[in-house]
Amino acid sequence: MQRAATRKFSSLLFGTSPEAPSGVPATRRTMLQSISNAIDITLTKDKTACLFGEDIAFGGVFRVAEGLRQKHGENRVFNTPLCEQGIAGFAIGLSAIGITTIAEIQFADYIFPAFDQIVNEAAKYRYRSGGQFNVGSLLIRAPYGAVDHGALYHSQSPEAYFAHTPGLKVVIPRGPIQAKGLLLASIRDQNPVLFFEPKMLYRSAVADVPNEDYEIPLGKAEILKEGKDITLIGYGLQLVHMEKAMIRAEKELKISCELIDLRTISPLDRETIIDSVKKTGRVLIAHEAPKFGGFAGEIATIINENCFLHLEAPIHRVCGWDTPFPLVFEKMYYPDEHRIFEGIKSTINF
Amino acid sequence: MLTRFSRRLIGAHKFSLPDIKTHNIDPKLVPTEAESTKDELMKYLTDMMTIRRLEILADDLYKNEKIRGFCHLSDGQEAIAVGMEAAVTYEDSLITAYRDHGNAYMRGISLDHIFAELFGKASGSSKGKGGSMHFYHKEHSFYGGNGIVGAQCAIGAGLAFALKYKKKPNVALILFGDGASAQGQLYEASNMAELWKLPAIFVCENNLYGMGTPIEKASANLELYTKGHPSPGIKIDGQNILAVRETFHFAKDYALKNGPIWIECATYRYHGHSMSDPGVSYRKRDEITAARAAKDPIQKVKDWLIEKNEATEEELDKMEKNIRKKVLEIANKAKEEPWPDHKELFTDVYGPGRKYFYRNIEFKNSTMF
Chain X
1 MQRAATRKFS SLLFGTSPEA PSGVPATRRT MLQSISNAID ITLTKDKTAC LFGEDIAFGG
61 VFRVAEGLRQ KHGENRVFNT PLCEQGIAGF AIGLSAIGIT TIAEIQFADY IFPAFDQIVN
121 EAAKYRYRSG GQFNVGSLLI RAPYGAVDHG ALYHSQSPEA YFAHTPGLKV VIPRGPIQAK
181 GLLLASIRDQ NPVLFFEPKM LYRSAVADVP NEDYEIPLGK AEILKEGKDI TLIGYGLQLV
241 HMEKAMIRAE KELKISCELI DLRTISPLDR ETIIDSVKKT GRVLIAHEAP KFGGFAGEIA
301 TIINENCFLH LEAPIHRVCG WDTPFPLVFE KMYYPDEHRI FEGIKSTINF
Chain D
1 MLTRFSRRLI GAHKFSLPDI KTHNIDPKLV PTEAESTKDE LMKYLTDMMT IRRLEILADD
61 LYKNEKIRGF CHLSDGQEAI AVGMEAAVTY EDSLITAYRD HGNAYMRGIS LDHIFAELFG
121 KASGSSKGKG GSMHFYHKEH SFYGGNGIVG AQCAIGAGLA FALKYKKKPN VALILFGDGA
181 SAQGQLYEAS NMAELWKLPA IFVCENNLYG MGTPIEKASA NLELYTKGHP SPGIKIDGQN
241 ILAVRETFHF AKDYALKNGP IWIECATYRY HGHSMSDPGV SYRKRDEITA ARAAKDPIQK
301 VKDWLIEKNE ATEEELDKME KNIRKKVLEI ANKAKEEPWP DHKELFTDVY GPGRKYFYRN
361 IEFKNSTMF
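So the sequences go chain by chain: X and D.
Under UniProt numbering, think of the first position of the first sequence as 1, with each following residue one higher.
Under UniProt numbering, think of the first position of the second sequence as 1, with each following residue one higher.
Calculated directly from the structure, the hints in this document are not laboratory data.
Since the structure is predicted, the reported quantities are computational estimates derived from the model, not experimental observations.
Every residue gets a Cβ at the ideal spot worked out from N, C-alpha and C, and that includes glycine.
Possibly wrong hints are sitting among the right ones.
Stated by the list, open to error - With the Cβ distance kept under 10 Å, some of the chain D side facing chain X (calculated, not the full set):
1. H23
2. N24
3. I148
4. A182
5. S274
6. E344
7. L345
8. P352
9. Y356
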């Protein structure tokens, strides 16, 4: 949908993860192609699986589903009308019967009409039926986050709303290899999962993605780089800016940073966070969503509860401002390299 | 709007209107012919040509990255925005979705403010904060410009109730597309409106495609004007500006006396759904060409004027060229307008009484406001 951006990314971010297979046949794929490949594998192996959403029949606005309808049939890859609440409710019903359900919400910004179905119906189905029913086979995918010019209704990051709801899992990949492994794990997870895809990276993130079927476990963070002076915690697109800031901080401030990709924000890998902060004593958390009530607040509290005596400086949050996602101020809005660098500097110099 | 009597005095032409479809209303009540003077037709033509140029230029400016954000063009659908406004007043509330440039212009937002808003400039009608999908005009009862498909419909029911509550002789015009007719909120709004007999006109601009999906694949009921049942509905040719004007004139009167009414306007968009959609992957180029050739709302008015010997082709071409020039000049001027002050990122989030700290690159230049 967007023009392919020509950005240079490091191998650190879009390199492999320890859980992904190595030394196996791989294909150079964008994040988009990698997600499409994971769905293709699911539709091939799991004959119950269905993929649907607005405009999915011709591939979806970002062309994630390109070719899948031809390959797997129009009964399994299909269009819905423009009705997000209906899509979510329909998906829940399908999943309650045990069908593997992959529903697309075209932009994460459009998930709010479906909020009731996701939060009240999907998340609580298991609990309120005393375990008789569940929608474990449900996965809802949605592109989220900044896209350089998305403005108010095409750029939001709604992950914290859903992380706040017991019963849901929330997964956000950072690169093509992780997107495939995490998506396959999310589809097969026995709980309803929300899978938010950083759309800015759809075409700009490229990696050699293993061809085979593999999973990256949910609820497990990944340490991208070990360090001893400060822990940097992020997920999804934000890691791009964090990595740039990290490189600059290591050079200019002569420090060593530890960079953590949470990968799953619910359930959260507390151990990896706590172990890292106990080692470094300093921490910076970044996300694109607004600061107030944002997910960084939850991480900060967990650190505070578990690492209080190890902290050398206050926990620092670099987040989107507490305003709607703006039209002309997008670059000022999200936490970029400079704001993160300044955050690292003030935390180190505290 | 001129009365039939005054039109006759100044020599109006008669036009018979295309066939309509109706639901739950006696078709005999709905106008079947219209009268229009040369001056009126010239005004409609000018407005439609202006909107067409605005859209074509916006397309160009978007491709040159002068316009950012998401942008949805309405060329091909001009007769609805223009015809509707010829039948109502600025006291009648209007709310629509994101394909709103034409409505913005017809609600009296000047072209310089429209272009400035599209560019995100400080002099834009929403201070550059909204962009293409978010035009508003408080004094002219234009409630936007909304980004989420169908969300405006429920708000529209509230507007209609407020007008009735305040005993105003006005209606709420609630615009949505054929795609949005699949959204649940529309039916919640429609039910409330019918239950409480609100002065609402539900206007479905049916351009045959909800984003990239044809209406046959998205709606089980293709008679969209019946979807408000038991509210009455009328389906008209939305490419015929006089059909639009007369039907809305009738509908306003009807809604004030009886409660909500639905109008489905059959139309066609020439561009894709948004700027990222070339508009030809799910429909054939021939289909677009055929729709342009057979049903263009601007050509229709031109033909009328020529047929009735009120204008020559050369005059109308000259007029179009002048409009093209004027619109381009305004757009070029708007490009030079200043960007909003950085602190505008933080304003208008809450009402008055909230303090914001804006950290500048140089700390000493930071401000609290």
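Hint by hint, here is what the structure shows:
no.	hint	verdict
1	H23	violated, 21 Å
2	N24	violated, 24 Å
3	I148	holds, 6 Å
4	A182	holds, 3 Å
5	S274	holds, 9 Å
6	E344	holds, 8 Å
7	L345	holds, 4 Å
8	P352	violated, 16 Å
9	Y356	holds, 9 Å
Comparing the model with each earlier hint shows violations of hints 1, 2, 8; every other hint is respected.
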